[in-house]
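**Q** Guided by the hints, dock chain D onto chain Z, whose structure is given.
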Amino acid sequence: MSAQAPANLVVMAHAVQGALAPSAAELLGLARRLAGQGPAAIKAVLVGQGLEAAAREMAGLGLAEVILLEGPGLAAYSGPAWVQALTPVLEALAPAWVLVPHDSQGQDYAPVLSLSLDAACLGPVEGLEDMDGGPAFLCPGQGGKALYVQRPLTAGAVISVLPGAFPASEAKGPAAPLTRLTIATQTPGLRHLGETEGHGQSRELVQAQRVLAVGRGLGKRENLAQAQELAACLDACLAGSRPLCDLGWLGYDQQVGQTGATVTPRLYLACGISGARQHTLGMRGSGFIVAINHDPQAPIHDLADLSVVADLPSFLREMLEACRAKT
Amino acid sequence: MKILVCLKQVPEPESHLQWLEDGGVAPVPGARFQMGSLDAQALEWALTLAQDHQGISVEAVCAGPARAAAVLERARGMGAAQACHILTPEGAGPPALTLATWLAAWAGPRAYDLILTGGMSQDAMRGQVGPLLAGLLGLNWATLAVDMRLTDQGRLHLEREVEAGRRQALELDLPALVTVQSSPREPRYPSLSGLLKAKASPPQVVEATGLPPRAPQVAALGARRPQRRRAGRALNGTLAQQAQELCAILRQRGLL
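Protein chains in written order, with our numbering: chain Z, 1 to 327; chain D, 1001 to 1256.
Same shape as in the complex, but just chain D:
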């Protein structure tokens, strides 16, 4: 059984943004990047399934510019047996459908039994790539899984989180694609031996420009700063002064 985990490299959550002259937005130069947190959880699920069952190999794929190789090195360090880097040009991330098309070009011929990925990336925040990839490959899918296990019959039992904390339980025959929601499971740290192995055998590199193109269906027209919805008056002074003022304001408003 083969599991593919689709990973994305995203800016660290506290990275600052710069507003570009062309109306776009990008992380400031020198910003640090990391594996998407939900993608890391997807990888952790895959590695857990591989630990609990014999004969499961876990592979990782990441579409991104040259710097994204770091994500695959980490994935190898965590325990992925193989990695593929779909090398994309620098600059703004591609539309979700383009990304899904590239991933489908890699995954389609390799007939994975299970494809896992994060429910949403922290930068694009669309949550579309997983379901689109399932649609392109003609797979059954489920999103926002918070729990999963393989049954004795070789099916995937999963629970997805729905509104107000309720959970929906499903069983999927494989092959299938599942996106994951955050859960208390802490993704493991890479092991030194895993990292050394990764260094010794770099990922297979596939140029995105060599994959079948797909006409974009969504036009990106730049970015805006979110508008303030409320007054948002900032308090000033030392922390003690600000705390006193806040207490005074709350009392004045009858909130304390």
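Here chain Z stands alone, though its shape is the one from the complex:
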């Protein structure tokens, strides 16, 4: 790259059921930070059918260009089709960075896209650090107890970025030019059979002002009754982390996290939850967070306004007594 030529930065703008995902503006915020060093052209790429409105929305956020890749093979998501469609377009742009949201699509195609671009794949990123020699990325590891510092060694890199990790860019600008490309993809051997609601999410949970969420620290199923009692006593909605739903102790519609509900209650009691990103993505916007976990190193404590380091079942008993004593 010569000093004069602006570097291309590409933001992959994903859509959920036709609407621009919040991650698009977050990745744009990160792109602007990465672009801070020198001249750069930030472009957004969308893939899919029926996304013109989402593309136009993206075009109003102060970008150099918005590229919409369309084609009958791109109506539903599949990794192989997306990599096929994206590779020639991104090769032509030769971007220094391709930012991909680490959602159910991005985590699926980013690694293979990096191979086809001969670029490093790095992520999922939740922080950026300025170091000698340029930016370094912070990626959670060890159940969230550590952040690995990483930097690509290739000229271009595909970076997958955790949704919610960076503030959304709020800048607006004149409508960027929208380029629509129709791309024929061939993915023999792969057929879409549609999408279903799955387990969905409980409306009561999403709207709750108080949530008491339990995790593996609950220990035994028998202890669930106690958590239910305390939830009732606190007028809180009972929820859980994914492992508890996998165990069948709670329904999947009561799950908080990346594959469940995102909640922002006034009070969130995280009981026996370690605080892996998959869970905290769904609750970190809560008003007041109380973490109860016997492991003082558990990452949930980093998110908490108040921490209790205790064995959960014993603490639940004491909490029930304290709660009943003055009600």
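If you are wondering where the hints come from, they were derived from the structure by calculation, not from laboratory data.
No experiment lies behind these values; they were computed from the predicted model shown.
Accuracy of the hints is not assured; some may be wrong.
[What the hints assert, rightly or not] Computed beta-carbon distance windows for the label pairs:
no., chain 1, residue 1, chain 2, residue 2, range
1, Z, Ala64, D, Ala1111, 41 to 47 Å
2, Z, Arg33, D, Lys1197, 53 to 59 Å
3, D, Glu1012, Z, Gly200, 31 to 37 Å
4, Z, Thr179, D, Gln1227, 39 to 45 Å
5, D, Gln1241, Z, Ala64, 55 to 61 Å
6, D, Arg1251, Z, Pro72, 58 to 64 Å
[Unchecked claim] Anything over 10 Å on all C-beta distances counts as not near chain Z; from chain D, calculated:
no., residue
7, Asp1022
8, Gly1030
9, Arg1067
10, Val1162
11, Leu1195
12, Ala1200
13, Arg1230
14, Gln1242
Where is the CB? At the ideal position from N, CA and C, for every residue including glycine.
**A** Just chain D now, with coordinates in the frame of chain Z:
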């Protein structure tokens, strides 16, 4: 039909970490290791498919240091017919692309019909090795499967979990690679006879250093402790005192 399951040995989830002088991080000495939980689910899927259909053999591969042999012994005990240990040097785990390259060197010439692995390991948490392996082998792939079955036509029908609990259904012709998300399926326990068989025929060992090298594309610059995002004041005293204080604070804030 041959299924390969790629397994990783990871520290037990509650293992404590030590921060190393070189800026890295590692499990404390004496930490215990186990089969990655999503990898165990991948193996359970493979064994279930083999139970439900005739003529399916399940093999396991694990890249890791000497201690990782325990994972393959368990996999054999659970029902894998054969196992390969890609023996790596001790120390920090390799980059995802290196790991995928080693696995591809093993899997490529053996032409498996289906490769299964966990969607993400509990230690590196990248979720890249599965898709990278598919890319290196030129296979169709799908990630985060929560359900799968073989159709009468010999295709793999699967459901992957997407945002807000929604599910996407796909059908893949084989060969293909699928990574799995957690599901209510409890991985089976190893059987005594399986473990005895495993002891009698140890896994084939392939030295990673003898496999074609791959230049790293990502520089590892150490590790950081996560920063506290909120005050995180810890309560003190007996459990009863802490519970009373917590209730008092919640009342004070109008949360109770």
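**Q** Now, for every hint given, state plainly whether the structure supports it.
**A** Outcome of the hint check:
Checked against the hint of 41 to 47 Å, the C-beta distance between Z:Ala64 and D:Ala1111 comes to roughly 46 Å, which is consistent with it. With their beta carbons about 55 Å apart, Z:Arg33 and D:Lys1197 fall inside the hinted range of 53 to 59 Å. Against the hinted window of 31 to 37 Å, the Cβ-Cβ separation of D:Glu1012 and Z:Gly200 comes to about 33 Å, which satisfies the hint. The supplied range of 39 to 45 Å is met by Z:Thr179 and D:Gln1227, whose beta-carbon atoms lie about 40 Å from each other.
The beta-carbon spacing between D:Gln1241 and Z:Ala64, approximately 60 Å, falls within the hinted interval of 55 to 61 Å. In this structure, D:Arg1251 and Z:Pro72 meet the distance hint of 58 to 64 Å, their C-beta atoms being roughly 60 Å apart. The claim that D:Asp1022 is not at the interface with chain Z holds, since no C-beta of that chain comes within 10 Å of its own (minimum 12 Å). A cut-off of 10 Å between C-beta atoms confirms that D:Gly1030 is not in contact with chain Z; the least separation is 16 Å.
No Cβ of chain Z comes within 10 Å of the Cβ of D:Arg1067; the nearest lies about 17 Å off, and the non-interface call holds. Not every Cβ of chain Z is farther than 10 Å from the Cβ of D:Val1162; the closest lies at roughly 4 Å, contradicting the non-interface assignment. With a closest Cβ-Cβ approach of about 26 Å to chain Z, D:Leu1195 is found to remain outside the 10 Å limit, as its non-interface label requires. Listed as a non-interface residue, D:Ala1200 keeps its Cβ farther than 10 Å from every Cβ of chain Z; the least gap is roughly 34 Å.
The beta carbon of D:Arg1230 sits about 5 Å from the closest Cβ of chain Z, which is not more than 10 Å, so the claim that it is off the interface is violated. For D:Gln1242, the shortest C-beta to C-beta distance to chain Z comes to about 6 Å, within the 10 Å cut-off, and the non-interface label is violated.
In this structure, the hints that do not hold are numbers 10, 13 and 14, in rising order.
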